[in-house]
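J.: Letter by letter, the chains look like this.
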Amino acid sequence: MYGYAGKVLYVDLKREKSRTVPVTEDFARKYLGGNGFGARILYDTVKKGTDPSSPENVIIYAAGPASGTLWHGAGRTHVITKSPMTGGFIDSSVGKDFAAELKYAGYDALVVTQRAEHPVYIKIVNDTVDIVPAGDLWGMSAIEAQIHVREERGEEYSCMAIGMGGENQVRYACTISDTRAAGRGGTGAVMGSKNLKLVAVTGTKDVEIPDMDTFMEFYDELIPLYKKNLKSLTQYGTPILVNIINLMGGLGTRNWQNETFENAENISGEVYKEKYFKWHTACFACPVGCGKVFACERGTSEGPEYETLYSLGSCCSIDDPEVIIEADRLCDEYSIDTISMGVSTAFLMECCEKGLISDPQLKFGDGEALIEAIHKTARREDYGTLLAEGTMRMAQKIGRGSEKFAIHVKGLEVAGHSPRALKSMSVGYATATRGGSHHDSRPTYEYGVEDKRTLEDKAQIAVDSSNWTAFGDSLVVCHLMEKAVGMFLCENHVKMLNLVTGWDWTLKEVTKVSERIYNLERCFNVREGFSRKDDILPWRIMHEEIPEGGSQGCRAAPEELETLLDQYYQLRGWDRNGIPTAEKLTELGLEGCIKDIR
Amino acid sequence: MRLQVNQAQCMGCRICEIVCGASHTAFNPAKSKVKIVERVYEHPHVFVCNQCASPECVEACPTEALYKTDTMVAFDQERCTFCLSCVDACPYDALFVYGDHLLKCDLCNGNPQCVKYCPKGVFKLVDGFYTGGD
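Residue numbers (my numbering), protein chains in the order written: chain A, 1 to 598; chain B, 1 to 134.
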């Protein structure tokens, strides 16, 4: 079967055994790979009500048919599990070359089940799978552990690793691959709960496609589009967005009390490039190379990316670019999601500002306090125990009205794209199966729309955008390629799939498979008890207007959100409560889910 | 002819490895004759045959499987006994192994795919042998 390794590898940490399950063509055509494979496997293996930190949860590392090929942006891996943050489906994506190596080793996905008695790591070299004691690695940073495993064997393993944040099950601990992060939703905490320090993989097998000449012909056709449309990412990386989004008036500042940061310039992509840039980095097969290594006296880091500049920067009102370099590096070493870390800290800063808590004293703009908060969170020391639970749970504990400014959706902190200024993002965040993620519905299209204040087409944009991301996450290509290839599903995507699989699919079939995957994620959440009541935005976002700047006066008013939800559900074929209808599920071949969600 | 490598431009995308290791129906960088090694927080490094003017691999080869032509250092698979003396001898770690095959850059018959596809222009095809100094 072209484009596929043809096997899923299962590793049982309790019994210390591994086995493979063949990937049938029928399964591949129904769920594509990556996100789709993960959604199906998670749905089938994790029962309703399973505690995400229990051995019964599973963690899946998935590649797609594009992984290991030359497709632009094919260097991403998807990590899928039941989220300790939301209690629902999470699929977090990370760059570099893990998925490619997994395919070269002969697997489309790795599913890790159960819990090891003692810390271990998994080592995969083609058909050889070892579960190795990792007592000596436990306590090491996610970076150090990868270096240690590579040097020990002298092979170029690609790794997924956790640091102390994952070991201590900080709810939003992430998974680190090289220096990149599968940031959202607590995948690192799930690894920690399984006593799994690291996964290392390398392979030497072929990834077969039907015909290299036609593949390369289309590859050559796309190259000029990348050069033209992604120039600023090549030059500056995602930090270029800081000034642009700030000018638009959508840069979450001081826990979203504001959306214009008066000192944004200090932490802009332009300043980082000029003062701290060392070299460009790229994920596997990526000609864009949006990664940037920045260095200053406080240290060296790959990043910060835009999302980190928002969360650890403007959201905490921190304008010292060097503090953010250090904080970014620390989060990578500890394996902590910078978005949730920053937004959680900003929440606690506002609690202090409002006098809701007296200890700790965290002030907006205090960079050293942020650094200390990261250390304490990763180690679960002192007030770090509170911070490690994330915004939603902190608000539940602190109470006294703090839930009104707890900036999360379904328990996951909101990313750096304004749900007040961007209407498609308001309904996009609210309905996202992942919670406050900017990778279900994407903000890219609406940034280019002049009149952002009308509701017209915004639900449709959110539906179409999340169909594209479900497809992109399953073919497994990077979302940042959308400005060159397409922000919604289009013939380019169809061609990319057909050229690696040899199928002759049409746009209609590609759209249907994307819908199937997204509905399956939704069914996973509905089975856990999610419905319309959870498709809601933070109180501040719905009730407080943006007080200044380019998007002054915008908010996602409750009645506006209700309208968008009605439209969104209708477009999706869901009932008024946000539950996929039996008719829709039957149309998508997901009949098996009907009984689970009724 | 040889590849002149601008190490400072490399960003570690491995596109050179992917196109070099590709066949008519498959991708496999393990078969590539150019390798990128990237350590965490270190600049990536490109390893590929320099086509040396005084090639130590040729000197080390007991069967003349590696030999100098007028324009490059060539490799004859038929004569290779896979003793790997050349791999040990190469001061640039630029010879590789896949299974029981030696991998040595052959400049793609004058049309190197790494030159064509590297997005940063790391590789340049230039005349002459390598005498040091790039």
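Rather than coming from a laboratory, the hints here were simulated on the basis of the structure.
Remember, it's a predicted structure, so these values are computed and weren't measured experimentally.
Idealized CB from N, CA, C, for every residue including glycine.
Hints are supplied without guarantee of correctness; some may be wrong.
Said to hold, decoys possible - Pair by pair, the computed Cβ-Cβ distance ranges are:
| hint | chain 1 | residue 1 | chain 2 | residue 2 | range |
| --- | --- | --- | --- | --- | --- |
| 1 | B | 62 | A | 507 | 56 to 64 angstroms |
| 2 | B | 23 | A | 587 | 34 to 42 angstroms |
| 3 | A | 266 | B | 59 | 54 to 62 angstroms |
| 4 | A | 382 | B | 37 | 35 to 43 angstroms |
| 5 | B | 39 | A | 228 | 54 to 62 angstroms |
J.: Should the hint that residue 266 of chain A and residue 59 of chain B are 54 to 62 angstroms apart at their CB atoms be regarded as holding?
T.: Distance hint for residue 266 of chain A, residue 59 of chain B holds at roughly 58 angstroms.
J.: Using the C-beta atoms of residue 382 of chain A and residue 37 of chain B, is the stated range 35 to 43 angstroms upheld?
T.: holds, 41 angstroms
J.: Return holds or violated for the Cβ distance of residue 62 of chain B and residue 507 of chain A against the range 56 to 64 angstroms.
T.: With Cβ atoms ~60 angstroms apart, the hint holds.
J.: Is the gap between the beta carbons of residue 39 of chain B and residue 228 of chain A within 54 to 62 angstroms?
T.: violated, 33 angstroms
J.: Using the C-beta atoms of residue 23 of chain B and residue 587 of chain A, is the stated range 34 to 42 angstroms upheld?
T.: For residue 587 of chain A against residue 23 of chain B, whose Cβ atoms are near 41 angstroms apart, the range 34 to 42 angstroms holds.
The structure is inconsistent with hint 5 alone, although it conforms to all the rest.
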